[in-house]
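S.K.: Chain by chain, the residues:
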Amino acid sequence: MSAPTVPPAPQVWRLLPAGSYAGRARMMMVRSAAASRRTWLAFVSGFFEPLFYLLAMGTGLGSLVGDLPGPDGQPISYAAFIAPGLLAASAMNGAVFDSTYNVFFKLHYARLYDSMLATPLGPVDVALGEIGWALLRGGLYATAFLSVMAGFGLIASPWALLALPAALLVAFAFAAVGMAATSFMRSWQDFDLVTLAVLPMFLFSTTFYPLSVYPRWLQIVVECLPLYHAVELMRGLTTGVVGPGLLAHLAYFVVMIGIGVVIASRRLEKLLLR
Amino acid sequence: MAVPTVAAPSTGFAPTALGGVGRVVEHHWRWYRRNWRATAVSSILQPLLFLLAFGVGFGALVGSGPNAAAATGGVPYLVWLAPALLAMSAAQSAAFESTYPILSGFKWQRIYVAMASGPLTGAQIGLGVLSWTGLKMLGSGIVYVLVIAVFGGVAGPGIVVSLAAAVLTGLAVASLITAFAATVENEGNAFSALFRFVVIPMTLFSGTFFPVDRLPEWVRPVVWVSPLWHGTEIARGAALGTWTLVPTLGHLAVLLVLLAVGGVLVARLFTRRLAA
Amino acid sequence: MIAARPVGAPGYGLVVSDALVQARGLRKSFGAVEAVRGIDVDVAPGEVFGFLGPNGAGKSSTMRMIACVSPRTGGTLSVLGMDPGADGPRIRARIGVVPQLDNLDAELSVRENLEIYGRYFGLPRRHVREKATELLEFAQLTERAGDTVEELSGGMKRRLTIARSLVNDPELLLLDEPTTGLDPQARHLLWDRLYRLKREGVTQIVTTHYMDEAEQLCDRLVVMDGGVIAAEGSPAELISRYSTREVLELRFDPERRPGAAALERHADRVEELPDRFLLYTADGERTQGDVVGAGFVPLSSLVRRSSLEDVFLRLTGRTLVD
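Protein chains in written order, with this note's numbering: chain A, 1 to 274; chain B, 1 to 276; chain C, 1 to 322.
Hint data in this document are derived by calculation from the structure and do not stem from the laboratory. Ideal Cβ positions, reconstructed from N, Cα and C, are used throughout, including at glycine. Some hints here could point you the wrong way.
Said to hold, decoys possible - Here's a subset of chain A near chain B, in silico, CB distances under 8 angstroms, partners left out:
1) L41
2) E49
3) G58
4) L64
5) V65
6) G66
7) Q74
8) P75
9) S77
10) L162
11) F184
12) L196
13) Y209
14) W217
15) Q219
To be verified - In silico PhoX-like cross-links for lysine-lysine, where the CA-CA straight-line distance does not exceed 25 angstroms:
16) B:K107 / C:K198
17) B:K107 / A:K106
18) A:K106 / C:K157
Unchecked claim - Simulated restraints, written as ranges between beta carbons of each label pair:
19) B:V75 / A:W217: 28 to 34 angstroms
20) A:Q219 / B:V75: 25 to 31 angstroms
21) B:P15 / C:N55: 51 to 57 angstroms
22) A:R111 / C:D169: 58 to 64 angstroms
23) C:R126 / A:L161: 37 to 43 angstroms
24) A:H108 / C:E134: 49 to 55 angstroms
25) B:Q109 / C:T133: 34 to 40 angstroms
26) B:N35 / C:F30: 24 to 30 angstroms
27) C:R265 / B:A14: 53 to 59 angstroms
28) B:R37 / C:G46: 55 to 61 angstroms
29) A:Q189 / C:F138: 25 to 31 angstroms
30) B:P15 / A:A144: 52 to 58 angstroms
31) B:S10 / C:E143: 30 to 36 angstroms
32) C:V228 / B:Q109: 38 to 44 angstroms
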């Protein structure tokens, strides 16, 4: 006994079960763009947060610190030191917010994804569409922030142009892992764990001061954190101290993306297609 | 035909003005006893992390270098920072407690609507919520002072006044933002704009991490209107014993006026929204 | 399995079938809980087919399997001649779904809800724009096109959800509890829209726990209870098969309520409910006379025609709405 024979569905992505991907993730992004027209102020305001930090910490804290050694040991101004850190942190924050709070709300309250799965879209379209939107948004913020850095004279090298794709890569990694984590969350109370992960990273991953401040054992802990690799990557690019070491940072995020996407897609599948 | 039976008199009664506020506080206390873990991270761990990152980490970087000493008046950076962080964390948690939870009380969970269908008035509900926020800030403030003491950030008994100043600052901020939240219908733009354009600049430009005279001239007016700056001046002055009478009274007056204005607005706007 | 069935019986022609939906021994479990425990269903093109049953009967689980958003645990299922397990996107492209709870996009306007949903089906922008205009008209929401979803009343939201499900001109429309929570006026308006769709030849599958809705809408229905099908037929068939022509409803003062046994000799069958007795009989008026003549003093009595509610009560011993 078998169901009526029909030609097999195109197996787009072999890691994932059939029927979970219709190749229309971009329609989700069209939807997000239309929705954000209504909340344009929230959209635009995302750019100002790192700018305020740069202004306050760069000038204010900078006056206490003076110059710091850059990645190659040459002294750089405090503002030039923290600016790439803020760029990396804003890529992380934006991606994490979009992939945790926003996704959780749509998943459990707005039941938005249920309505999408009644169409040819599958869970993979949903995951890629949401991550894609987070990236688009993060890319716009990163571009704006890099322009501000250039305006303040905080960019020392044309390598800084690569900071934009690097920011996208970092955002992708955090969005993928964030979405995977969200799929395990049961209630809003679990979001304290997100704060618990993101805030210490923001504060301790050499965003505001160099690794040399810590004792060795703590340095090793910090070196394991993803934001540390993001900050070092950005700092290398914007100060023009580029070497093969940056590739190791890149590899870190490629692995993160791989793990995040696979877990997120499978978990969404499980949550949505019960 | 049976004689219609008259029901027994109702057991409910209307509270006094203050009693109504107390009932609202009690409601929140009941909820908190059950759910305090959910907010423990944000209310206690968050200021602790800031203390570690800036007080200890950044403090180690600037050490007792000439730049830092000139800014702090010679005291260690951690000691200089700690009372200001106390005020900052009160203002931050005040801002958070007064946005989404307030909107939820009107719109999602609708607990204010439920309260208003009993004998409580809108003003009692609004002021009760505000009182609860103040109590909570006091509680996490006490914990925070103990933590600072462990890290060696407390210079003397003046820190008790710093704590009071921090709670007053938090209340002033909470009253104004709660009043604003009572007018918000849709979360879309309002709160993220508030955080990005008001709360974050306030926390960054109020002299918490560095003296405000290090900021460019054109940013100073932002500092003067910031309730957090006024609170920080009192808190730090009290903790380090560097305060002088007239400026302190001035800062205190500003905070009290802001709180009074905010309190009146909260009472009015809650009444209006719950009557609609 | 095929060979075991005589020609003409339900289930014959598993492969060569013009049924839009065909299920054989369909099962669905959530862990240890069996929501659907082996059902056979055939839905023919153009008909309105109903699943009637109380909450938890397995209706929604069945609907989700047909809508290809819930993998089946066992049995076979074909929708539009395809297997939902393998061809989800291709099936979903051709059906319309109205879920039990409205899941409209609150961040979009009424019109955008229709247009962007249409884009998920891969429809060209121009086509979607025209279709949205037509559907707004159909749902009587043309005036509200620019509003956000939050500003709509419950009935309007429901009409918009139904309009949205039509954006791809579906061959099969799945409606899960389409009128639950609506006021009577809004329900009648919705029924009218669904009736128009039926005249246009759109096949519909409806779940409901309202017997009047099932009677209004369905050509044929199955009564579900505890994950199995308890009976199948047209509303009229089911009533004549499982109930009498009329029902006498009696309410008594709680203090002076007689036992069911005392009423039994006046009717074909008596059902005792918490607040009333139902006496099944061919002639309600006459039974009413008999009961009063025998000295019973009900607070109120009512004679009505038998409904699907009575069929359900007979089949399961329970009421539909509890």
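S.K.: It remains to establish, for every hint, whether it holds in the given structure.
M.R.: Status of the hints after comparison with the structure:
1. Residue-level restraint check for A:L41 holds (minimum Cβ-Cβ distance to chain B is 4 angstroms; threshold 8 angstroms).
2. Against a cut-off of 8 angstroms between C-beta atoms, the interface hint on A:E49 holds, since the closest Cβ of chain B lies about 6 angstroms away.
3. Checking A:G58 against chain B: minimum C-beta separation of about 11 angstroms lies over 8 angstroms; hint violated.
4. Checking A:L64 against chain B: minimum C-beta separation of about 5 angstroms stays under 8 angstroms; hint holds.
5. Interface hint at A:V65: satisfied, since its Cβ lies 6 angstroms from the closest Cβ of chain B, which is below the 8 angstroms cut-off.
6. For A:G66, the shortest C-beta to C-beta distance to chain B is roughly 6 angstroms, which falls under 8 angstroms, so the interface hint holds.
7. The criterion of a C-beta within 8 angstroms of any C-beta in chain B is not met by A:Q74, whose closest approach is roughly 18 angstroms, and the hint is violated.
8. Of the supplied interface hints, the one on A:P75 is violated, with its beta-carbon coming no nearer than about 14 angstroms to a beta-carbon of chain B, more than 8 angstroms.
9. For A:S77, the interface hint is violated, since its Cβ never comes within 8 angstroms of a Cβ in chain B; the closest pair sits about 13 angstroms apart.
10. Here the hint on A:L162 is broken, as its CB sits about 28 angstroms from the closest CB of chain B, past 8 angstroms.
11. With its C-beta approaching chain B no nearer than about 17 angstroms, A:F184 sits outside the 8 angstroms limit, and its interface hint is violated.
12. With a cut of 8 angstroms, the hint placing A:L196 at the interface with chain B holds, because the nearest CB-to-CB distance is about 5 angstroms.
13. Annotation: interface hint on A:Y209 holds; nearest CB of chain B at approximately 4 angstroms, less than 8 angstroms.
14. The criterion of a C-beta within 8 angstroms of any C-beta in chain B is not met by A:W217, whose closest approach is roughly 15 angstroms, and the hint is violated.
15. Evaluation of the A:Q219 hint against chain B yields a violated restraint, the C-beta minimum of about 12 angstroms exceeding 8 angstroms.
16. For the given pair, B:K107 sits about 39 angstroms from C:K198 by alpha-carbon distance, which is inconsistent with the 25 angstroms threshold.
17. With a C-alpha separation of about 17 angstroms, the suggested pairing of B:K107 with A:K106 holds against the 25 angstroms cut-off.
18. With a CA separation close to 18 angstroms, the supplied pair A:K106 and C:K157 stays within the 25 angstroms bound.
19. Checked against the hint of 28 to 34 angstroms, the pair B:V75 and A:W217 passes, with Cβ atoms roughly 29 angstroms apart.
20. Checked against the hint of 25 to 31 angstroms, the pair A:Q219 and B:V75 passes, with Cβ atoms roughly 28 angstroms apart.
21. Between B:P15 and C:N55 the beta carbons are some 40 angstroms apart, a value that contradicts the proposed interval 51 to 57 angstroms.
22. A hinted range of 58 to 64 angstroms is violated for the C-beta pair A:R111 and C:D169, which are about 24 angstroms apart.
23. Roughly 39 angstroms separates the CB atoms of C:R126 and A:L161, a value that falls within the hinted 37 to 43 angstroms.
24. Hint check: A:H108 to C:E134, Cβ distance near 33 angstroms, so the stated range 49 to 55 angstroms is violated.
25. One distance hint, 34 to 40 angstroms for the beta-carbon pair B:Q109 and C:T133, holds here, with the actual separation near 38 angstroms.
26. Distance hint check for B:N35 and C:F30: the Cβ-Cβ separation is about 29 angstroms, which falls inside the suggested range of 24 to 30 angstroms.
27. Look at C:R265 against B:A14: about 58 angstroms separates their beta carbons, and that is inside 53 to 59 angstroms.
28. Checked against the hint of 55 to 61 angstroms, the pair B:R37 and C:G46 passes, with Cβ atoms roughly 58 angstroms apart.
29. A:Q189 and C:F138 have their C-beta atoms about 43 angstroms apart, which leaves the hinted 25 to 31 angstroms range violated.
30. Taking the beta carbon of each, B:P15 and A:A144 are about 53 angstroms apart, inside 52 to 58 angstroms as hinted.
31. Evaluation of the 30 to 36 angstroms hint for B:S10 and C:E143 yields a failure: the beta carbon distance comes to about 46 angstroms.
32. Take C:V228 and B:Q109: their Cβ atoms lie about 39 angstroms apart, and the range 38 to 44 angstroms holds.
Hint check: violations occur at hints 3, 7, 8, 9, 10, 11, 14, 15, 16, 21, 22, 24, 29 and 31; the rest are consistent with the structure.
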